[in-house]
Amino acid sequence: MTSVARPHGSMRFRGRTYMAFALTPEPPVAEWLAQIDEWIRNSAGFFVGRPVVLDLAAVSLSSAGVAHLVSELEARDIRIMGIEGADPAALGPGLPPVLKGGRTINASDLAAAPAPTATEAKEENSLLLDVPVRSGQSVVFPSGDVTVLGSIASGAEVVAGGSVHVYGTLRGRAMAGCNGNRSARILCRKLEAELLAIDGYYRAADDISAALRGRPAQAWLANAALSVAEIE
Amino acid sequence: MAKVLVVTSGKGGVGKTTSTAALGVALARDGQNVVVVDFDVGLRNLDLVMGAERRVVYDLVNVIQGVVKLQQALIRDKRIPTLSLLAASQTRDKEALTEEGVANVIAGLRERFDWIICDSPAGIERGATLAMRYADAAVVVTNPEVSSVRDSDRVIGLLDAKTEKAEKGERIDKHLLITRYDSGRVARAEMLSIDDVLEILSIPLIGIIPESEDVLRASNLGAPVTLSNPMCAPARAYADAARRLTGETIEMSIPVDKKGLLDKLFRRRAA
Numbered sequence: 001m002t003s004v005a006r007p008h009g010s011m012r013f014r015g016r017t018y019m020a021f022a023l024t025p026e027p028p029v030a031e032w033l034a035q036i037d038e039w040i041r042n043s044a045g046f047f048v049g050r051p052v053v054l055d056l057a058a059v060s061l062s063s064a065g066v067a068h069l070v071s072e073l074e075a076r077d078i079r080i081m082g083i084e085g086a087d088p089a090a091l092g093p094g095l096p097p098v099l100k101g102g103r104t105i106n107a108s109d110l111a112a113a114p115a116p117t118a119t120e121a122k123e124e125n126s127l128l129l130d131v132p133v134r135s136g137q138s139v140v141f142p143s144g145d146v147t148v149l150g151s152i153a154s155g156a157e158v159v160a161g162g163s164v165h166v167y168g169t170l171r172g173r174a175m176a177g178c179n180g181n182r183s184a185r186i187l188c189r190k191l192e193a194e195l196l197a198i199d200g201y202y203r204a205a206d207d208i209s210a211a212l213r214g215r216p217a218q219a220w221l222a223n224a225a226l227s228v229a230e231i232e
Numbered sequence: 001m002a003k004v005l006v007v008t009s010g011k012g013g014v015g016k017t018t019s020t021a022a023l024g025v026a027l028a029r030d031g032q033n034v035v036v037v038d039f040d041v042g043l044r045n046l047d048l049v050m051g052a053e054r055r056v057v058y059d060l061v062n063v064i065q066g067v068v069k070l071q072q073a074l075i076r077d078k079r080i081p082t083l084s085l086l087a088a089s090q091t092r093d094k095e096a097l098t099e100e101g102v103a104n105v106i107a108g109l110r111e112r113f114d115w116i117i118c119d120s121p122a123g124i125e126r127g128a129t130l131a132m133r134y135a136d137a138a139v140v141v142t143n144p145e146v147s148s149v150r151d152s153d154r155v156i157g158l159l160d161a162k163t164e165k166a167e168k169g170e171r172i173d174k175h176l177l178i179t180r181y182d183s184g185r186v187a188r189a190e191m192l193s194i195d196d197v198l199e200i201l202s203i204p205l206i207g208i209i210p211e212s213e214d215v216l217r218a219s220n221l222g223a224p225v226t227l228s229n230p231m232c233a234p235a236r237a238y239a240d241a242a243r244r245l246t247g248e249t250i251e252m253s254i255p256v257d258k259k260g261l262l263d264k265l266f267r268r269r270a271a
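Chains C and V supply the protein sequences, listed in that same order. Take the first sequence: its position 139, counting from 1, is numbered 139 in my numbering, and each next residue is one higher. Take the second sequence: its position 135, counting from 1, is numbered 135 in my numbering, and each next residue is one higher.
There may be inaccurate statements among the hints.
Ranges between beta-carbon positions, derived for each pair [as the list claims (entries may be wrong)]:
no., chain 1, residue 1, chain 2, residue 2, range
1, C, I231, V, I254, 56 to 62 Å
2, V, A137, C, A225, 47 to 53 Å
3, C, P142, V, D182, 32 to 38 Å
4, V, S183, C, V131, 29 to 35 Å
5, C, I231, V, A161, 28 to 34 Å
6, V, K162, C, R213, 30 to 36 Å
7, C, N223, V, S193, 36 to 42 Å
8, C, S209, V, I254, 34 to 40 Å
9, V, E99, C, A229, 46 to 52 Å
Partial list, computed: chain V residues near chain C (C-beta under 7 Å) [what the hints assert, rightly or not]:
no., residue
10, K3
11, R29
12, N33
13, D153
14, G157
15, I203
No wet-lab data here; the hints were simulated from the structure. What you are looking at is a predicted structure, and each value in this text was computed from that prediction instead of being measured. Backbone N, C-alpha and C define an ideal beta-carbon position, used for all residues, glycine too.
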């Protein structure tokens with residue numbers, strides 16, 4: 001595979017906390033696995049798509065033992081995203097990373113929280129602007145998509161948590177996915193933008209192909225770089 | 001009913017004062033009672049362009065501070081009886097303008113005149129925002145070049161946000177006046193075309209004033225071009241724009257001066 005030079009594919013790192021189920025195996029492990037099987041039989045698909053952390057504080061397993069346990073759980077559609085309560089040095093490569101600093105929360109809260117697939121489908125808020133965004137104006141809408149029926153003037157900016165849709169000419173700055181939404185896009189009928197940004201990845205006018213100027217175009221994130229292409 | 005019109009642009013040097021004077025004269029000539037008000041406190045020019053600089057005794061700031069009555073500060077034009085001027089103070093700065101004071105002056109002028117034309121200073125600071133504050137309509141003066149157009153766009157945004165009408169949820173009428181238009185430079189792509197400007201600013205056009213030496217000459221003479229040389233191309237363009245402001249529908253054209261053979265010969269020799 002040829003590597004493509006990405007002039008502005010700078011990396012960004014962000015810390016973030018998530019909720020996950022913690023499974024706590026007890027010795028003997030074989031018996032504990034049988035209990036899990038019982039549980040899965042009663043509520044099929046319970047663990048599918050849910051983040052699970054394996055708490056090994058109650059058992060003492062060798063590196064091979066942990067690997068065996070993880071593969072046993074994976075065979076039951078339980079994906080282990082991290083391991084807690086184990087010595088990082090004792091775990092070999094190929095195993096999930098060791099997590100620290102977990103806090104216990106009520107498991108029913110977690111079960112009630114929608115699965116990731118449902119999160120994406122949740123209703124997005126949106127903002128519709130039927131007047132042009134004038135130079136010097138700044139429209140910030142972190143909770144969803146922004147649709148502009150007119151143009152975004154040079155020197156104006158629109159910041160959206162979701163995507164930015166411009167039915168006129170985009171001459172100013174458009175920043176989509178400002179809360180870390182990497183699937184956000186910028187779409188416009190005529191591209192003359194000063195700057196396009198999605199989740200912090202940006203391209204200034206100079207870095208946007210001149211062939212796209214004045215064309216209907218969209219921008220999206222792919223492989224940690226901002227891509228811009230004409231909408232056919 | 002009186003109409004308060006602000007002539008504004010954001011950028012300096014595009015022709016706000018010239019346009020204020022020319023439109024004022026054109027409206028007054030049609031029999032309307034007109035006052036032109038200079039809001040450029042500290043850098044006043046409208047009195048010069050109107051040829052009234054030697055008659056200024058009191059000014060806008062004096063009225064705002066209650067030193068004199070409005071009537072005492074109004075300077076009636078010697079050539080057109082229906083035209084008056086309220087000059088700015090040259091020795092003060094924009095801080096001398098207060099929102100309440102300006103509101104009182106505008107209210108007083110509304111009782112006396114049909115048209116109150118406010119000549120805004122450049123920029124978007126106090127002077128400019130107070131000039132547009134109580135306007136019913138705006139003339140946005142733009143040169144067909146990118147920096148002027150962008151600044152005008154900014155000003156249009158302010159007109160829609162910072163004026164009293166806008167704050168009450170009403171719409172302020174905005175008219176675009178393109179000045180210093182040079183068809184030769186547009187043809188050579190050294191200037192934006194009218195279509196480009198209209199596409200960017202998307203407000204209705206009320207006139208295209210061609211670049212002309214007549215305008216500069218008129219300003220230096222202290223006689224607005226619509227008064228000193230009413231048949232020249234820019235004067236006709238201003239007269240048409242003024243009539244469009246009153247609601248008349250006139251087909252848009254860019255007036256040009258017809259040049260005779262002799263003119264061309266002279267010009268060549270001069271150059």
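These are the hints, each one checked on the structure:
1. With their beta carbons about 37 Å apart, I231/C and I254/V fall outside the hinted range of 56 to 62 Å.
2. Between A137/V and A225/C the C-beta distance comes to about 48 Å, which sits within the given range of 47 to 53 Å.
3. Hint check: P142/C to D182/V, Cβ distance near 46 Å, so the stated range 32 to 38 Å is violated.
4. Between S183/V and V131/C the beta carbons are some 32 Å apart, a value that agrees with the proposed interval 29 to 35 Å.
5. Distance hint for I231/C and A161/V: a CB-CB separation of about 32 Å, consistent with the stated range 28 to 34 Å.
6. Taking 30 to 36 Å as the suggested C-beta distance range, the pair K162/V and R213/C conforms, at roughly 33 Å.
7. Range check, N223/C to S193/V: Cβ separation about 41 Å, and the 36 to 42 Å hint holds.
8. For S209/C and I254/V, the Cβ-Cβ distance of about 36 Å falls inside the hinted range of 34 to 40 Å, so the restraint holds.
9. Restraint check, E99/V to A229/C: a C-beta distance of roughly 50 Å satisfies the suggested window 46 to 52 Å.
10. The interface hint given for K3/V is violated, since its Cβ lies 23 Å from the closest Cβ of chain C, which is over the 7 Å cut-off.
11. Evaluation of the R29/V hint against chain C yields a violated restraint, the C-beta minimum of about 34 Å exceeding 7 Å.
12. The closest approach between the C-beta of N33/V and any C-beta of chain C is roughly 33 Å, which is over the 7 Å cut-off, so the hint fails.
13. For D153/V, the shortest C-beta to C-beta distance to chain C is roughly 4 Å, which falls under 7 Å, so the interface hint holds.
14. Interface restraint check for G157/V: the shortest CB-CB distance to chain C comes to about 3 Å, inside 7 Å, so the restraint holds.
15. Contact between I203/V and chain C, as hinted, is not supported at the beta carbon level, the nearest pair being about 9 Å apart and thus beyond 7 Å.
Against the hints set out earlier in the document, violations occur for numbers 1, 3, 10, 11, 12, 15.
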